[in-house]
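Protein chains: 4
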Amino acid sequence: MTNLADRYQQVRAFSEALAAPLSAEDCVIQSMPDVSPTGWHLAHTTWFFETFVLGADPDYAVYDASFAFLFNSYYNSIGKQFPRSQRGLISRPGLEAIRSYRRHVDRALLRRLHDRAADTWDAGTETVIELGLQHEQQHQELMLTDIKHVLSCHPLRPCYRPGSFVSREDEPADPAWLDVDEGIYRIGHADPTFCFDNELPQHRVFLDSFRVCEQLVTCGDYLQFMADGGYRRPELWLSLGWQTASEQQWAAPLYWYHDDDGWHQFTLAGARPIEPELPVCHVSYFEADAYARWAGARLPTEAEWEVAARSSSLGEGFADRLLAAEAALHPGSRSVASSLYGDVWQWTASPYTPYPGYVAPDGALGEYNGKFMCNQYVLRGGSCATSTSHIRATYRNFFPPEARWQFTGLRLAQ
Amino acid sequence: MTNLADRYQQVRAFSEALAAPLSAEDCVIQSMPDVSPTGWHLAHTTWFFETFVLGADPDYAVYDASFAFLFNSYYNSIGKQFPRSQRGLISRPGLEAIRSYRRHVDRALLRRLHDRAADTWDAGTETVIELGLQHEQQHQELMLTDIKHVLSCHPLRPCYRPGSFVSREDEPADPAWLDVDEGIYRIGHADPTFCFDNELPQHRVFLDSFRVCEQLVTCGDYLQFMADGGYRRPELWLSLGWQTASEQQWAAPLYWYHDDDGWHQFTLAGARPIEPELPVCHVSYFEADAYARWAGARLPTEAEWEVAARSSSLGEGFADRLLAAEAALHPGSRSVASSLYGDVWQWTASPYTPYPGYVAPDGALGEYNGKFMCNQYVLRGGSCATSTSHIRATYRNFFPPEARWQFTGLRLAQ
Amino acid sequence: MTNLADRYQQVRAFSEALAAPLSAEDCVIQSMPDVSPTGWHLAHTTWFFETFVLGADPDYAVYDASFAFLFNSYYNSIGKQFPRSQRGLISRPGLEAIRSYRRHVDRALLRRLHDRAADTWDAGTETVIELGLQHEQQHQELMLTDIKHVLSCHPLRPCYRPGSFVSREDEPADPAWLDVDEGIYRIGHADPTFCFDNELPQHRVFLDSFRVCEQLVTCGDYLQFMADGGYRRPELWLSLGWQTASEQQWAAPLYWYHDDDGWHQFTLAGARPIEPELPVCHVSYFEADAYARWAGARLPTEAEWEVAARSSSLGEGFADRLLAAEAALHPGSRSVASSLYGDVWQWTASPYTPYPGYVAPDGALGEYNGKFMCNQYVLRGGSCATSTSHIRATYRNFFPPEARWQFTGLRLAQ
Amino acid sequence: MTNLADRYQQVRAFSEALAAPLSAEDCVIQSMPDVSPTGWHLAHTTWFFETFVLGADPDYAVYDASFAFLFNSYYNSIGKQFPRSQRGLISRPGLEAIRSYRRHVDRALLRRLHDRAADTWDAGTETVIELGLQHEQQHQELMLTDIKHVLSCHPLRPCYRPGSFVSREDEPADPAWLDVDEGIYRIGHADPTFCFDNELPQHRVFLDSFRVCEQLVTCGDYLQFMADGGYRRPELWLSLGWQTASEQQWAAPLYWYHDDDGWHQFTLAGARPIEPELPVCHVSYFEADAYARWAGARLPTEAEWEVAARSSSLGEGFADRLLAAEAALHPGSRSVASSLYGDVWQWTASPYTPYPGYVAPDGALGEYNGKFMCNQYVLRGGSCATSTSHIRATYRNFFPPEARWQFTGLRLAQ
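Residue numbers (the numbering used here), protein chains in the order written: chain A, 114 to 527; chain B, 114 to 527; chain C, 114 to 527; chain D, 114 to 527.
Don't read these hints as lab results, they were simulated from the structure. Remember, it's a predicted structure, so these values are computed and weren't measured experimentally. Hints may be right or wrong, so weigh each one.
Pairs of lysine-lysine, DSBU-like flavour, derived with a Cα cap of 35 Å [what the hints assert, rightly or not]:
| # | chain 1 | residue 1 | chain 2 | residue 2 |
| --- | --- | --- | --- | --- |
| 1 | B | Lys193 | B | Lys484 |
| 2 | D | Lys484 | C | Lys484 |
| 3 | C | Lys193 | C | Lys484 |
| 4 | A | Lys193 | A | Lys484 |
| 5 | A | Lys484 | B | Lys484 |
| 6 | D | Lys484 | D | Lys193 |
Looking from chain C toward chain D, a few residues come up when the C-beta cut is under 8 Å (computed) [unchecked claim]:
| # | residue |
| --- | --- |
| 7 | Ile297 |
| 8 | Arg317 |
| 9 | Asp321 |
| 10 | Glu348 |
| 11 | Ser352 |
| 12 | Leu353 |
| 13 | Pro464 |
| 14 | Lys484 |
| 15 | Met486 |
| 16 | Cys487 |
| 17 | Asn488 |
We put the beta carbon where it would ideally sit given N, CA and C, even for glycine.
Bound-form chain A, shown alone:
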């Protein structure tokens, strides 16, 4: 099973690469309840493999019994968890000890993969390993968004990792629209490749005809919204959005700040002036919705997005491609392609609900997705913090409408 072992090593090494620029101190900070420390991400993803793959073998000796409490995220079926909001209190194991834990689990898992002909090999194990890899890729994205938040709280705005930004001059200015006819469409995953349970089952949806914009909304577009009083006009906002924006005193996307030289933003590559051609990012659903209303348009539903994206190919705005090109981990640092994928996750108008006929898997892995289907909105397309091997047309990401610390932007529909 060379391919899976290779892929395992590749994905695991990518986590290490993402943590490489950070100090031990950086890796233990939790800057808000939604954020987890980098060290915790490195340990939790390892615990996932240990618990769901290695732990299926009754002869496997657990590395450290206390880790089941410290690094279980939310699997009630497995046992009690250390409270999420207190992950920043766990200074031990430290970063080096967590790396040893990773090496130990990697060795054990690769050995199992190598010996897979033996009797203990279960037909479903490869599926769980692939799930563990997709899970680790999700946490890779969270490592980037969380460390961005951590560093943004530091008054000196330290740079996570430098990276290049291409010049924007030659890029197309006028947005183009993609038209789709009315009809009954099949939505959801159907082929034998990996997908999460929330992409199932494939099912039929009736859609009226619609159009989706081929370009993302840009910082320049958004500055016009701001200049037109976007943050001061309640008629543009959902009631809950207006309340949230007022209480939290929103006046621009997260990480934007204004000084004598105008609008700037904190990025993973340090502070930079706002560039109008780049996709707007770190906006909540509330802001995306208000912007669309102001623009005389709306957000696409997730079914519309999925139908439109079938004919699109991946662009440059993904974490692995940006790192390979030494570009900044920031939306549009290489190009603003007309691909419907990448750069920023795109808010859809769709609350996160189970597909008709959805059934959560049995056991602890049944807690992966289904129990979060409430008060969240679906996002589609992947971002500059996503890996290309982790995205597809049917992929459903989800966050609460007030969340801003993810790489979230929008495209318009009509």
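Since chain A is already given, all that's left is putting chains B, C and D on it; use the hints.
Below, chains B, C and D without anything else, positioned relative to chain A:
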């Protein structure tokens, strides 16, 4: 226009009748931020007519200029509002002064209706009057749910109004199911009678085949869920529901309490033992969803409910019918009909979203519905606090998933 | 015992007179946790007499058994209490029912006073009745301060009771100082007249020589402090005061507001412009302390105040004298006397601690004072909301340093 | 000035020694707002020397301009500070960088001490250096109390540093009392050695005769209080204490927990069973006060304590002596001496107020003590986390009455 004038007087008198059992002190209490004092409801509904009907006439002299601030609920287009959470601070105008305000506006509005042939009569005015009446009927329901909450906070559990409960012995025990075939269905309001903007536009939805239970879930059913550890088993709950239930220490529906004689509940007719045959009420979406999962079923979507309800007629469980029969204002006090309507609002699995093509009306009345379409779930069918002239198959009620103080229950689907 | 019966009727009637301008709705509002509704004050003071005087007679039948729960303030020895912060939820008994309760207890108590020769008369009963009267006088002051807060929360700033303000022109401008020599002084109550337990025992204190200003700090003085950046200069403030002032955004005394015509304040007689000659009022200990530091002086200790006040007589600034003169219930509405008593309670520099040798009384009445001796400061002198028969040189009032809704001001010492 | 240079190096090295057992991750954690990370303590004490000693020389080049914001604790005169409650967000500078900063400042300061004959040497500089050393000794105590809290939040209760506990068998059981006569006593510091400003000026106080217990209250004593319902009897508590204990669900001192083997406590040397002979520790003022009331005694005032302690010499229970003896940093680990000093800070009955005639110093150092004189209580005597060169009879420590994470215990008075 005799009919509209009659209906106006009837609806307005019903509000007065609902407030009749209460003292001046009762009418000023706000027991939680979601609750409004009875006096506020009586004044706000009057302000609605004054502002949107009488105020359209430039010659009309406003009764009291300060009321626009005190009794505007959430219409930002009209002006600033007194904060909702502080309505319990407004001791003036008192109950008698509010009643004078109501008489003044009633006289002026009935005079306008009588003189409607005159030039000032606008074709849309009747529509706005009907909207005002439907609006007042919504507040009649809120008056009942809010005063129930207020009285429940009093350590002596005072009775709002006595009322009869019929014996349950002759009623059918076995639940029956209504089957519906797959197909494209038209959902939403289409005929020329009144509807709210959120019921528009009518549109096509593809539905797989489904079945809906003809009976509501009863207190007896729910006691089995409780006995089976329903409130102690996280695997039955949405994650947000489990968190809410834990924080608020839910162990039974709101208003239930356990003493030496077993389970009881506070009702508008005073405290009573739990009767297993009656519909369970005052459960949140989270509890309804957990119950359905425990029962091996699910909640219907709002489209499924609407399709199923088209063939059903109204039952006895409505406020006007119960009052006329001197029955208690409580679900099932007269009968537990197999009607899909009445007794309790039924949680659906559908987040409250705009229908495809929905456009909010221009002006202040555009704030009526659209801006609340976030983090709420649709309820269908009307309750024992609803009037029969206020319900229809397409009616969409909505509350946040944690709300329990409304008359909310559930029916199962598969 | 004619005198005690007369005094009883007089004090009880004064409570009724203070409630007379209020509606039933006014009397049920609780505008913040520290405030109690007027109806609650009227009932609680009555419960005090019923419990501690009438209840001592085993033959006395309690008026309503539920009142022990509703109207017990904080006497854990008596039993559980309804939570203080929820007193605004008790709409029943209403104002009329509370008045009936008062009449019932008054009749029973006066009958007992009349029959006191009988065997049931306990030597200590008169002491407890006098305690009940002093207790009711404390609540009379709270009724005024609490209803002032309630009405101030109403956007229309309704007037509690109109009243005159004298012209200030002829009054002395230059502050005079009272000098006292160093020595050992006896502090605390010693003669056989009534006092609270916290004024005992009399004890010796060594004082260095000091001086106390004969005039109160005025609004004019305080405006200078404000103009000199008093609310923006942390070096003038205690750390906890600066934090409180920042969080609560203090920029002037409570009830002051600034409009196009300059500084105004809400008073029990309605809104009025700030008059520089009147004593400043509704300042916290933090503000009083900061003002004194700014002025190059300090607050007197309570022992200094008591020594200085022995030679002073009562002025005009007391509730009974102001009402008799139809003057406004506001500091300085009649005159600004050089008396050390009246108009505003004066913050001292002394935390509220037990006197050396202090022992709380046995039983429930032992909870009256001692258990509050923490994180409060002593105030001296009485205010425009105090009755003249309720004040003396040794009287110790106390509030937390952040409290502002009492009639609290200051005088300087050096 | 050999002595001061030696002392400087000794005190600074002691800070390093205290941090030595900790990892970089340990040193960045802030487990509650009152706690500061160890790294922050190491940097802040260095910033103090740099700012107030080196910074007085206009030729001195600041090491890192950003540190003035990051490591200023509360000196508003110096400039804005990073919020205290967010110190746990500062991952940079990391522990190694902070150590470099310490070495840099140490070199510069020792050079200045060595060159002190030069013209730039100010007569007051030595005083400020000594203040900086006393300041660092205060933070050494905080390092220990804060890291104890941090480690106690870790579910595995890691040991900070092992240490011995002597056997208790030979120690005296019966408490002895020290009697003092009434009289006028001089309180406060008067000789030319170092003291903090809050120990000044010396002044006269009249004291009645009193007695102070020579032994500290022990865990065994306290277990009796607990067994007698100490935490369930409101009549033993101050009202604010009862409220705090109820809200925070106190049932034992902080760090105590009960398991199948009885009561244990978390210590800096790991978890241990409760030993009855050891002084009780980690109790709040509220608990100390309730215990004293239960025991029929009271807490001494700070003046009583100071008078009684004049004739006492230091015991073994200090940080430097315990470390030298390889004993645990825990009260009573070596002996329970009859000294009035050491092992635990002793709550007094005295709110923390300025002495008569107290004047805060000019400039930023005037913010050291005076502005905290509100809602705190004085503690006397030093603890197992204090150095012997940092304690004296007149030393006034202070904490809010609810604080428990310091090494706080009590002795009785009568």
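These are the hints, each one checked on the structure:
1. B:Lys193 - B:Lys484: Distance of about 17 Å is within 35 Å: holds.
2. D:Lys484 - C:Lys484: holds (26 Å)
3. C:Lys193 - C:Lys484: holds (17 Å)
4. A:Lys193 - A:Lys484: The hint holds at about 17 Å.
5. A:Lys484 - B:Lys484: Holds, at roughly 26 Å.
6. D:Lys484 - D:Lys193: Holds, because 17 Å separates the two Cα atoms, which is no more than 35 Å.
7. Ile297: holds (6 Å)
8. Arg317: For arginine 317 of chain C, the interface hint holds, since the closest Cβ of chain D sits about 5 Å away, which is under 8 Å.
9. Asp321: With Cβ-Cβ at 6 Å, under 8 Å, it holds.
10. Glu348: holds (7 Å)
11. Ser352: Holds, about 4 Å.
12. Leu353: Hint on leucine 353 of chain C: holds, closest Cβ of chain D at ~5 Å, below 8 Å.
13. Pro464: holds (4 Å)
14. Lys484: Holds. Min distance 4 Å.
15. Met486: Since the shortest Cβ distance to chain D is 7 Å, the answer is holds.
16. Cys487: holds (5 Å)
17. Asn488: holds (5 Å)
Going through the hint list in order, the structure satisfies each hint without exception.
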